[in-house]
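Here the structure of chain A is known, so what remains is to put chain B in place on it, guided by the hints.
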Amino acid sequence: MSIQLAPLLILTLASLILVLMIAFNAKLSHCHWLTGLSLVAVFILQTLAFTAPNNTIGLLDFSPMALLLSQLGVVITFIIYWPLQQWLVQNSHKPAPFYLLLLWSLIGALVMIVANHFAMFFLGLELLSLSLVGLVAYQCPDQQGREHAIEAAIKYLILSAIGSAVILLGFALIYINGGTLQFGELMAGTHEQLLPAWLVTGAIIFIAAGMLFKLSLAPCHLWFADLLQGSPTPVAALLSTLSKLAVFAAFFKLFIISGWMQIIVIEQIISLVAVISMLWGNLLALRQQNIFRLLAYSSIAHFGYLLIITVLSHHSAIVSHEILLIYLFAYLIALSALFSILSQLPDCHNLSQLRGLLWRQPLAAISMMLMILSLAGIPLTLGFMAKFYLVLSGVENQLWLLLGALISGTIISMFYYFNLLIIISKKSNADALATPLPLKHGMMLVNSLVALVIIGLGIYPEPLTRLIASIAGGY
Amino acid sequence: MNLLLLFFIPMLGAIIAWLSGRLNSDYPRLIAVATLLLCFIPLVALWLNQDSDGLWFATFNTPWITRLNLNIHFAVDGLSFLLVALTLLISLLAVFASWQEINEKSGLFYLNLLLTISGIIGVFISLNLLLFFIFWEVMLVPMFFLINLWGHERRHYAALKFLIFTQLGGLFMLLSICALGVIHLQQTGQWSFDYLALSQLNLGAKEQQWLALGFMLAFLVKLPALPFHSWLPDAHTQAPTGASIILAAVLLKTSAYGIIRFVLVLFPQFVIDFAVVINTIAVAGIIYGASLAFAQSDLKRLVAYSSISHMGFVLLGCFSLNALALQGAIVQMVAHGFTSAGLFAVAGMIYDRYGTRDISRLGGLAQQVPQLSGLATVLAIATLGMPGLGNFIGEFLVLLGSFEQFKWFSVIAAAGLIFSACYCLLIIHRCFWGSASASNKQPVKDVNWREKLSLISLIIALLGLGLHPQPLLNLTDKLATRITLKDGQQTLVKTTLNQHKRGNKEQSP
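These protein sequence lines map, in sequence, to chains A and B.
Note that the working numbering has the first sequence beginning at 1, numbered continuously upward.
Note that the working numbering has the second sequence beginning at 1, numbered continuously upward.
Think of the hints as simulated: they come from the structure by calculation, not from any bench.
Be aware that a few hints might be false.
Cross-link-like lysine to any residue pairs, in silico, SDA-like; alpha carbons within 25 Å at most [said to hold, decoys possible]: (1) A:Lys426 - B:His156; (2) A:Lys155 - A:His93; (3) B:Lys407 - B:Arg482; (4) A:Lys427 - B:His152; (5) A:Lys426 - B:Lys105.
This one's a predicted model, so the numbers in the text were calculated from it and none came from an experiment.
Bound-form chain A, shown alone (with noise of 0.2 Å):
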């Protein structure tokens, strides 16, 4: 047995010790350290699997890139993890169950991180999917919190559902065109085209329409906001990060590799759907009054930016595996790091909420303001170096529009952002909102390292770019 595959059956081995746990009514804390025990020994197994030499394992792909994405899940998941328990005890009747619904919805992203044939890919987005159905709806104990979940959760169950549908036609079709469902074989022109050619395109553009769903770009967008607002704190975390990251793994990796980005119709459309999405999510978020919509649309406009990367791909690989890696990183930890913090306040939905923040708890209100500085791409953050390399190597191969939408994007982005700020120091005349907020030192321990690491890193990135270089080779 190869050591890539590890950190998968040491996932399935502890979500299945935790059915047992959960069916013999073990402690809360005992399911949380077990989650805890499992994520830090998958994230070392990962470390290990970067040395072995076989990449390929039948239809899983263990590339250094996939590899690294992978272990960026187990980060993210680790950092929206940490303070879970003391929200389970406050704001749930059985919370165990919940941490199995985790786990498996990291099985599920990192399958499809990895996976090199279609099989798996529908498997790990299905076990994905699905797991988060059931978090979306996870009991809440208010009546009115309730509702919302269940308006969410069958929204979700519903619409994901015909996401995966509309992408099973797109794959049957290109399976009646090559007989093959294995990504590298997928490249058009390798064997014989049963099809007509605007039937084929018909199918991929049915894959992305699919996918660009999932992601919730611009025109499928609608969809996303009401499940954030909806959801509990660290299931919103795990919709906008976790889920997005395998999803945009997968599709970048399918479009990559099977050429499809060459097909001048694909690209135009993606490239739309990019401008679309920077400009239309970045305004939407404007006048948005709940932190979660807002953030819901940042992240469509995010999303938008690393579109960029996909129509980059093609002109010039190496470079845009790169910059993917660096922007996810970037983005991804940033806004993990930033709903861990939402999810320790009390009642956190509306703007009004967090206002003077600055002055009730100081640590979790600088560490958000260095998060939501990142997010905007302020310089000294690593997310300005994210932006910096996508701008740079969007001006090198002369994408004048979408580097236009992009600009005028963090433009439009700068005004929520800042604004937040503005909200997080104002000060409060309320009782309510100028007491102070005392915070478990403890579970602010990953924020602020986060916040240390955004900061380090966009000091001196020498050491992410330098291990980013030597892995983007190889995909």
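Frame of chain A; chain B shown alone:
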């Protein structure tokens, strides 16, 4: 090493000041003063160890991001040295001006103030374009917080407006910087964002035009030049006194510095082609700023509009294609730094004492606070360009230099001086003379030693600059002649201008 210290000391001081605020709210300002004084040590060391033949006093170069061949490259020449010295002096003044005004969260205030200063120093000493951009953006964020947290009634609006305007310009500059890096890659097969490497590039006229436009947009917004100026009156008016001083006296100078250091050197063809356009903007700014200043009733707003007018002279001096005018622009930068800092400090002192900045509610201050009125009058007179004080030298050199090539611009700009005399005399007349208005009859204290020290030292500096500007001119002489003579540009300028003139004559016989 000295260069590194120059920029790290304020940064370190910022963090110490912040932490010390928890112990005692008096400590942060003391630490801020100590930090700024400490910064003079590396500055003096730079001056003493300077390499007398070369252009650069000292350089510091170390790899930063090897993937893109990015270096941390700091260097100081006469211009940078001058502006860093100006920054440190003005910062001391800003700390003194905030001495009593800032009582709440003083640790955080001085953290932001010192971070802004460290960013500004970074801008003045970096020779790597990306590093320059990073400092350029980084100094804005603490300034945003200074306005947002300690400003006056409409502070949130003003802070956001300030940030969005300057970010907008900055992002276009980032595009241009990236494009320069890419062109270097295409021409030499290697990434580089180093100023010295990029100034060796061969750029066509069309390329220069687009690249320079990105830079100019950032600089014109920050300067501020005419169509992009609307953030400035708001930001200045709403900012606390200390931040206003930094903003007007130093932050605006970063853009003029950027024009001199980067635009004039990297894009000589653009400068020749677009000199007329930019000078039109500059002269329009001079007249517009001065006439709007005349119409203001808010003292701080008045000074803010006068800044637009004075920075117009700097812009005119930079684009007059002439070493004399360029030196005039540099002198004007320093002199305007002193006068605007002084006037904002005076506005802050008046606000402290009377609780208003509204000129119509002031009057007869000379009877109540004679010393403050006297010092303020000298500063106002310096602003209007009285010979013997610093601003006169700057404006005179700019007008003299630009007259050679752009006669009519120089003539119209000179008319702007009359306007500035109008509003400066208006300040003196309405605020300090006349009878005291009913609202401010109650007795107030005259200037204390701290305020007196800051204003008198400014006046001494202005007098020194006005009576004996030669040392300052010597400091920037090498740079100014090198820029205007680069690659035989001077001859090029002469010939193109002659062609223009001939063409005009032929068209209008």
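A quick look at each hint next to the structure:
With a C-alpha separation of about 9 Å, the suggested pair Lys426 of chain A and His156 of chain B falls inside the 25 Å cut-off, and the hint holds. A hinted pair counts as satisfied when its Cα atoms are at most 25 Å apart, and Lys155 of chain A with His93 of chain A qualifies at roughly 24 Å. Between Lys407 of chain B and Arg482 of chain B, the direct Cα distance comes to roughly 24 Å. Compliance with the 25 Å bound is thereby established for this hinted pair. A threshold of 25 Å between alpha carbons decides the hint, and for Lys427 of chain A with His152 of chain B the separation of about 14 Å falls inside it, so the pair holds.
About 13 Å separates the Cα atoms of Lys426 of chain A and Lys105 of chain B, which keeps this hinted pair within 25 Å; it holds.
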